[in-house]
Amino acid sequence: MFMEYDAATFSRMLTGLTLGFHIIFATIGVGVPLMIAFAEWMGIRKNDEHYRLLARRWARGFVVTVAVGVVTGTAIGLQLNLLWPNFMQLAGQTISLPLFMEVFAFFFEAIFLGIYLYTWDRFKSRMRHLLLMIPVVLGASFSAFFITTVNAFMNAPQGFELVDGVITDIHPIAAMFNPATPTKTAHVIVTCYLTSAFVLGMIGAVKMLKGDHHVYHKKALRLTMMAAFIFSIGTVVIGDLSGKYLAEYQPEKLAAAEWHFETEEEAPLVVGGMLNEDGKVNYALEIPYALSILAHGDPSAEVIGLEEFPEEDTAPLIVHYFFDSMVFIGMYLALVSLLYLLFSWKKKDWMHHKVLLWAIAAGGPLSILAIEFGWVFAEIGRQPWILYGIMRTPEGATTSEHVDAMLLLFIGLYALLGTSSAIVLRKMFNNNPVAHELEHRGIEDRRDRS
Amino acid sequence: MNYEILGIAVLWFFLYGYLIVASVDFGAGFFHYYNKVSHKNYQVNKLIQRYLSPVWEVTNVFLVFFFVGIIGFFPDTAYYYGTALLVPGSISIVLIAIRGSYYAFNTYGSKDSRIYSFLYGMSGLLIPASFTIVLTISEGGYLDVSDGLVTLLLGELFTSMYSWSVVVLAVVSVLFISASFLTYYAFKAGDVASYWLFRRYTLFWSGPTILASVLIFFAIRRHNPQHFSSMLDISWMFLLSLLFFLGAVFLIYRKRQLGLAFVLVMLQFFSAWFGYGASHLPYLLYPHLTIYDGFVNETMALALIAAFIAGLLLLIPSLILLMRLFLFDADYVRGNR
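These protein sequences, in sequence, are chains A and B. Every position in the first sequence, counted from 1, becomes a number in the working numbering once 4 is added. Every position in the second sequence, counted from 1, becomes a number in the working numbering once 471 is added.
In case anyone wonders, no lab produced these hints; they're calculated from the structure.
Label-pair distances were calculated between CB atoms; the ranges are: (1) R585/B / I138/A: 37 to 43 Å; (2) K659/B / R126/A: 17 to 23 Å; (3) S617/B / D244/A: 52 to 58 Å; (4) V616/B / G301/A: 51 to 57 Å; (5) R126/A / L773/B: 37 to 43 Å.
For each residue, glycine too, the CB sits at the ideal point set by N, CA and C.
Chain B extracted, bound-state conformation:
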């Protein structure tokens, strides 16, 4: 395997990590607000806070890791994406800033505030939608590259069926992933009311999730036939993803092995995510930029990989400690600590 593939695989993996932890986080923020305004039950919100409070900071780092890493391995992405994404990128920053700050203000401030909870709940749902712009423009056709200038074609972007189908998929996936995690978490906490609520949410959002995924296939076929045909070449990955999905929904429906069900949801997105990523290669930005254009020089690639391994050696034990103390500590989950 060459460094380019290794580099993008590592980065793609981190983005996957972000996708999972951020989805749980964003969805939980939305449910938190929704339960508050609909006076569903107060218990649910306590449960959400108990899970989120010790981990919210970690979520953000996955994202930073990705965009620092991609500039490190592929400095040319800075030129294309950096120039084109000023406006959508800035909007994402504002959303992230509002969500992160108001989450902390609401959780650690003197009391729970409805406005703060609204701000972090709603911004959380808009963030995934705003991020999808990067995935959308990576398919090509939304950028004008001429005379050394890169311009984003906003008109094309807003009228394209492909870009909207990605937005829909992002939003419903967030709610589905989050609800399936919280079902498991509520069950472990022995919180029956919350468990029933999240089980209902999970089953409810499973339909739109799979519909949106199918919609994406048709949209890609129309928008970028070349990418579509490479997706067909590895169609087994997408079929696998469908099987994981069916397995997860089945387990939740039958109220069995909820931990395994959440793992299946993670695998569902893992196979779809890597299938999508692998079929997109070698392009970082179709058709202007591949992973072989302007790859960082070899010394730097080695240094980055060394730093990456050293970093993981430090992080993995720490993450395990974090999870053992909070996520997998039955007493903590039940609220006894």
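The shape of chain A in the complex, shown without the other chains:
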């Protein structure tokens, strides 16, 4: 390849590639079941067939994304062992419990998803069919929880003693519930919900922009935007707590994200900007006191700067861009869903205004981007450590000579899977539009058209 071979660097690239591809499907996999359950519940409660059809169609598309999520999840599970054998040999002693439990949670979800999908018209009671969705939602969220505790452990390892490179005195529960666990897991789960709500909202918005003003799409939009608003509030609150966590436990990660170089009180927040070659920040917006508030909830608090840490222990400064983009998109999503709710309450004429529909449609891809940015920030932000403070990343990597070829192999695989799933999803819904399916199921009523 075009760069000098180094197994650790290629292992990082391949792991990043697989995870980057997997989380698109994993995020949808965690959030969409909840939205399907909401839709079906609304359908039963209001006795409205539109909502039930919404649940049906979401579920149908969901299966295709789940398939890719499952296989890429299997890939990353195996790749952890193949690319980071030395890390797994050491950390396997402590992280195997949550890994094990994640598989159980997923198993549980898989069983009930299979049942749910094939029993739409089998039970007399509609409620019973909806109940099948509860284990799916729980399984999805718990597998996200368990796998995130593994990542939290890598950021804040505890629950063992390291004596001359050998792990002893292991406390599996302490390792799982480390200081990073609460904020990390909560942030991951709520953003999965938020992203899924926006991705589904996007579908309705795009349909309406294309001129299809069926009441079905309006109902979809209303349901998803209400959910999105609630989840975006959750995201902002938990995001703030995550900042306070970093200030206390991983100050150099926060300092790198905020380009906060000198330790000072009343620290300002640097928003945007560019770093020039002399390490000076240009074109940035500085908000006085904001970083102190973000870090400690007190405008005069002292925030530790990057100068306090040796250079080999700090993350690349590029993480600032990812952090800012993630926060910006989070704010954007909260604002758009808030506007929709305000209009639906006070200004109904503006509810389906083109500009707002465009903003909602953009929220779909943007929310996925925010997930990617957030993970890139979290992962590059803890470099150079694979196990924070204990094992540096290159020490954990494989010594194999073929990682570069494997990287090419997987680039090909993900390109193939990404394209095929996009084609299949498009075909599935274009060949069977809503109006057609409503008529087919005998639900359609002329009065619904508006």
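Once you have looked at the hints, place chain B on chain A.
Leaving out everything else, chain B in the frame of chain A:
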């Protein structure tokens, strides 16, 4: 019984579970494609889809469970197998990814596609072959461990009679297990045409299955005499396996008690699988790694076993529900639901 034995027995059991459900799944994918290109009968493919659709996701979890579990109980396996298996392991991942995705694309997409059906049918047959590399290298002689580096000797692997005999056994077993299950399933569905077809497939693949098993014995004797002699010590397990096999073929040939026949096939592989596993002990990787090297510490072993029991309490009722709703629901099997 100590934790090491308990741990490996549990994991071995899950791998056995994977062997059965995945074989049915992989074989069905192959038959699905084969029937499509040879225009045998369309009914058969509907039958296969009806069984597979609700369960395909579950199959994969058995596998994940195994490799997560083995790292949990025996973290040192990560070092040896992880380093050596990068290339073959990655190829297996690609095959699994293609199979799983294209199965879903083909089944849930807007229409049945010949290319998608080819991709998932063929990759399914290659997956068992690619997995057998792990079993092969566990016999020793295919790894170079020196200077703290573990390297897979590809030349040795590709020219060894043992490794090829394992590949052959894996592929024919998949077709045999799958066909015997589908014979039973087609019979229950009252689908006469499919039943005759799968009965023929089962009888056809029974010959190669038993030939390949015999071949393995000779190959192991040459490759790893120590393992061969421990296999002789528990030869009753392999004889039992042969009896189960003969019983299954007899029942299918006489068209009687097809459910029992499939159970006998499961028992045939159960006794052979545990016989092979037990005689392989205490080695995880001959002669470098035993189950006593680098076993996870006791607290963790207990936590894993506790999690395992709790998980089973959750899973077993759910699996029973899944089977009652689909596998053992006569109306569903016949396609009335």
